[in-house]
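Residue numbers (my numbering), protein chains in the order written: chain A, 1 to 390; chain B, 1001 to 1259.
It should be emphasised that the hints constitute simulated quantities derived from the structure, not laboratory data. One thing to keep in mind: the hints can contain errors.
In the BS3-like style, the derived pairs of lysine-lysine whose C-alpha atoms are separated by at most 27 Å in a straight line are [what the hints assert, rightly or not]:
#1 B:Lys-1159 x B:Lys-1144
#2 B:Lys-1102 x A:Lys-301
#3 A:Lys-65 x B:Lys-1227
#4 A:Lys-111 x A:Lys-70
#5 A:Lys-111 x A:Lys-226
#6 A:Lys-301 x B:Lys-1227
#7 A:Lys-84 x A:Lys-25
#8 B:Lys-1008 x B:Lys-1227
#9 B:Lys-1102 x B:Lys-1006
DEER-style ranges, computed between Cβ atoms [to be verified]:
#10 B:Ser-1228 x A:Gly-316: 48 to 54 Å
#11 B:Asn-1183 x A:Asp-69: 21 to 27 Å
#12 B:Lys-1102 x A:Gly-52: 52 to 58 Å
#13 A:Ala-233 x B:Arg-1205: 38 to 44 Å
#14 B:Asp-1233 x A:Asn-15: 50 to 56 Å
#15 A:Asp-140 x B:Val-1082: 31 to 37 Å
#16 B:Lys-1102 x A:Asn-113: 56 to 62 Å
#17 A:Gly-315 x B:Val-1082: 41 to 47 Å
#18 A:Leu-103 x B:Glu-1255: 50 to 56 Å
#19 A:Thr-382 x B:Glu-1255: 50 to 56 Å
#20 A:Glu-286 x B:Val-1082: 54 to 60 Å
#21 B:Val-1082 x A:Thr-292: 16 to 22 Å
#22 A:Thr-382 x B:Arg-1205: 55 to 61 Å
Facing chain A, from chain B, some residues (calculated, C-beta under 8 Å) [as the list claims (entries may be wrong)]:
#23 His-1130
#24 Phe-1132
#25 Ala-1161
#26 Ser-1166
#27 Cys-1168
#28 Val-1191
#29 Thr-1216
Note that CB positions come from ideal geometry on N, CA and C, so glycine has one too.
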Amino acid sequence: MSTLMTYRIEHDALNELIQELRKEKYNVIGPTPRGEAIVLDEITSALELPIGKTDEQSPAQYHLKDRTDKAYFGFSAGPHSWKKYLFPPILRLVTASGNGSDLQISDDASKPNEEEKYALFGVRACDLSAIHIQDQVFGDGTYKDPAYLRVRNQAFIVAVNCTRAGGTCFCSSVRTGPRARVGFDLALSEVIDNEHYFIVEVGTERGEKVMSSVSRRPAGDTEMEKADRLIRAAAQLTGRSLEPDNTREILYQNTEHPRWDVVAARCLSCANCTMVCPTCFCATVEDTTDLTGTEAQRTRKWDSCFTMDFSYIHGGSVRPSARGRYRHWLTHKLASWVDQFGTIGCVGCGRCITWCPVGIDITEEFRVIRETYLMTSRVSSTKEATHGNS
Amino acid sequence: MKKQRKPKLAVWKFSSCDGCQLSLLDCEDELLAVAENIEIANFVEASRNVVKGPYDLSLVEGSITTPHDAERIHQVRRSSKVLITIGACATAGGIQALRNFKDVREFTSIVYATPSYIETLNKSTAIADHVFVDFELRGCPISKQQLVEVLSAFLNGRKPATPSYSVCLECKRRGTVCGLVTNGPPCLGPVTQAGCNALCPSYNRGCFGCFGPKETPNTNSLASYWKSLGTKDPELLRLFRSYNAYAESFRKESEAHEK
């Protein structure tokens, strides 16, 4: 196996990289400022990146600001996540048409289209972890999702290491970032001091091939060390944390915790948290017919465990209360996800905190419940000890 | 196979602006398909050729505001196998339900030269307050896509796909950036039922709540949060008191901000 290289490219060579990907027929998707936020969309040049832009985020608040420098990646996770491309919000699965004697079924979801060969440009470490989580959900086990796998398998990933902590994110505590470690074709670290350059870590042969046409030189130790320092500093600056160990015990033992009522009084059950979550994977399937009754369509749409219909089974909804729905979401995300997929379902991107219209903070809700757990387990272990002595 | 008799459709108007009936005429591309599959038997806005009932399907627009309305809706119910109400007036009393919060006699005395000619009820109420309704299609006006969906569902004997969750799901599926979080105008999206494909937020406007309350709306939390950010009671009252002012949860929330 050949050793993978680490390069230095000047900031203006970033556009060469984008053009090279476009030459390879990739539809390059990257962050770009639009209206009040930095969203993900198709980009055709590095000039469309959020140069000199940043965001200020706090619970239920997101504000676009100007930076004092010309950084390309001086911002944090925005309202969109990459699942928008890998797991589209609305996907037609099947069209069926018939006239009573003849029935034709078209498997729409299995038809590739030209646009879906994506280069995901600027994937943060948290979001890279989220993609790996969705890989497990859609790509492992008995029931694989062919539409997801088709798009995923050809996706080229350019990761970006964070050199700035966002206002609501907490990747270092859940050990997903701020450095992208695996699963990328290329990983960029942006360095701005008296120079402005990128350290490019190559992760795959495919990545190396693309880099071969970009103006570059092998990265020097000092340059790499500089980038490292910036990434480590970002980890230190993270304002929030979520302790990822023991989540199953903590939540399974606290299904009746009074905090669920407190959060339910605030929760709008509007589903925003699940829509912006890069790992939430629930969808509903809608069947519709046309007026003539000769054509039917089956469509998959993003759904959420916060809706009443989500848990509707014969006779009614299993989780009619906001308490039940929030508890279900948090318990799934942090506890039963571990049973299902071996990791927690939270990558610490902070989107659910920023985009909750009333600013409910997952780290705070979990912290309160965890503290009760720690207190009760301390009390019970003291009791046990006392009991053992007598 | 023998061609089945086409189902007979009637469209009824009560107190309303006619905008929802227009959604049916507005179907344009689908209108021919509608006419091919349904006998439009009684739709005076479209044709004065009225075929006598009973009707397989009645679409009812408008709210009940007069003693005459209150009687007539029972006749409509009696002559209809399936009765579907369309629009905010028919499903929640409409904008005219603003009078429910005041004394209607005061209005008539100011507005009309001879108030004694006016025979009106104290409140504007939804059709379902008077007769059994098979299905309520929300909106001010209703969405024509949803109307076609409901008609298709009726014709094919299936449940219509008209979800009762919040507008936020539609915003997020479209990729619209949330105005509530980015200092946009107040938006009722999180407590309002989807169905318009999140039209207003996609034009940087807040949701006005045209489709009425979503299932289990937490209006109290949303209003309290805005209040904590500085929104005053009179503004909160106005936000919740519009097209669906008399829908229960919106009514309670606006009343909570009344002095």
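Evaluation of the provided hints:
1. Taken as a hint, the Lys-1159 (chain B) and Lys-1144 (chain B) pair is honoured in the structure, with Cα atoms around 17 Å apart against an allowance of 27 Å.
2. Proposed proximity of Lys-1102 (chain B) and Lys-301 (chain A) is contradicted: the alpha carbons are some 43 Å apart, above 27 Å.
3. A distance of roughly 26 Å separates the Cα atoms of Lys-65 (chain A) and Lys-1227 (chain B); the hinted pair therefore holds under the 27 Å criterion.
4. Taking the CA atoms of Lys-111 (chain A) and Lys-70 (chain A), the gap is about 41 Å. The hint is violated against a cut of 27 Å.
5. Proposed proximity of Lys-111 (chain A) and Lys-226 (chain A) is contradicted: the alpha carbons are some 46 Å apart, above 27 Å.
6. Between Lys-301 (chain A) and Lys-1227 (chain B) the CA atoms are separated by roughly 34 Å; this puts the pair beyond 27 Å, and the hint is violated.
7. Of the supplied pair hints, the one linking Lys-84 (chain A) and Lys-25 (chain A) holds, its CA atoms being roughly 20 Å apart against a limit of 27 Å.
8. Between Lys-1008 (chain B) and Lys-1227 (chain B) the CA atoms are separated by roughly 50 Å; this puts the pair beyond 27 Å, and the hint is violated.
9. A distance of roughly 46 Å separates the Cα atoms of Lys-1102 (chain B) and Lys-1006 (chain B); the hinted pair therefore is violated under the 27 Å criterion.
10. Checked against the hint of 48 to 54 Å, the pair Ser-1228 (chain B) and Gly-316 (chain A) fails, with Cβ atoms roughly 34 Å apart.
11. A hinted range of 21 to 27 Å holds for the C-beta pair Asn-1183 (chain B) and Asp-69 (chain A), which are about 25 Å apart.
12. The given range of 52 to 58 Å is respected by Lys-1102 (chain B) and Gly-52 (chain A), whose C-beta atoms sit roughly 54 Å from each other.
13. Between Ala-233 (chain A) and Arg-1205 (chain B) the C-beta distance comes to about 41 Å, which sits within the given range of 38 to 44 Å.
14. Remark: the range hint 50 to 56 Å for Asp-1233 (chain B) to Asn-15 (chain A) is upheld by a beta-carbon distance near 53 Å.
15. In this structure the supplied range 31 to 37 Å is violated for Asp-140 (chain A) paired with Val-1082 (chain B), their Cβ-Cβ distance being about 47 Å.
16. Range check, Lys-1102 (chain B) to Asn-113 (chain A): Cβ separation about 57 Å, and the 56 to 62 Å hint holds.
17. For Gly-315 (chain A) paired with Val-1082 (chain B), a C-beta distance near 23 Å fails the hint of 41 to 47 Å.
18. Between Leu-103 (chain A) and Glu-1255 (chain B) the beta carbon distance is about 55 Å. The supplied range of 50 to 56 Å therefore holds.
19. Checking the proposed 50 to 56 Å range against Thr-382 (chain A) and Glu-1255 (chain B) shows it holds: the Cβ atoms sit about 51 Å from each other.
20. Taking the beta carbon of each, Glu-286 (chain A) and Val-1082 (chain B) are about 22 Å apart, not inside 54 to 60 Å as hinted.
21. Between Val-1082 (chain B) and Thr-292 (chain A) the CB atoms are about 19 Å apart, so this pair conforms to the stated range of 16 to 22 Å.
22. Take Thr-382 (chain A) and Arg-1205 (chain B): their Cβ atoms lie about 58 Å apart, and the range 55 to 61 Å holds.
23. The beta carbon of His-1130 (chain B) comes no nearer than 26 Å to any beta carbon in chain A, farther than 8 Å, and the hint placing it at the interface is violated.
24. The beta carbon of Phe-1132 (chain B) is not positioned within 8 Å of any beta carbon in chain A (closest approach about 20 Å), and the interface hint is therefore violated.
25. Using the Cβ-Cβ criterion of 8 Å, the hint placing Ala-1161 (chain B) at the interface with chain A is satisfied: the shortest such distance is roughly 5 Å.
26. Nearest Cβ of chain A to the Cβ of Ser-1166 (chain B): about 4 Å, under the 8 Å cut. The hint holds.
27. Because the closest C-beta pair between Cys-1168 (chain B) and chain A is about 4 Å apart, less than 8 Å, the hint holds.
28. Proximity of Val-1191 (chain B) to chain A holds as hinted, the smallest CB-CB distance being about 7 Å (cut-off 8 Å).
29. Annotation: interface hint on Thr-1216 (chain B) holds; nearest CB of chain A at approximately 6 Å, less than 8 Å.
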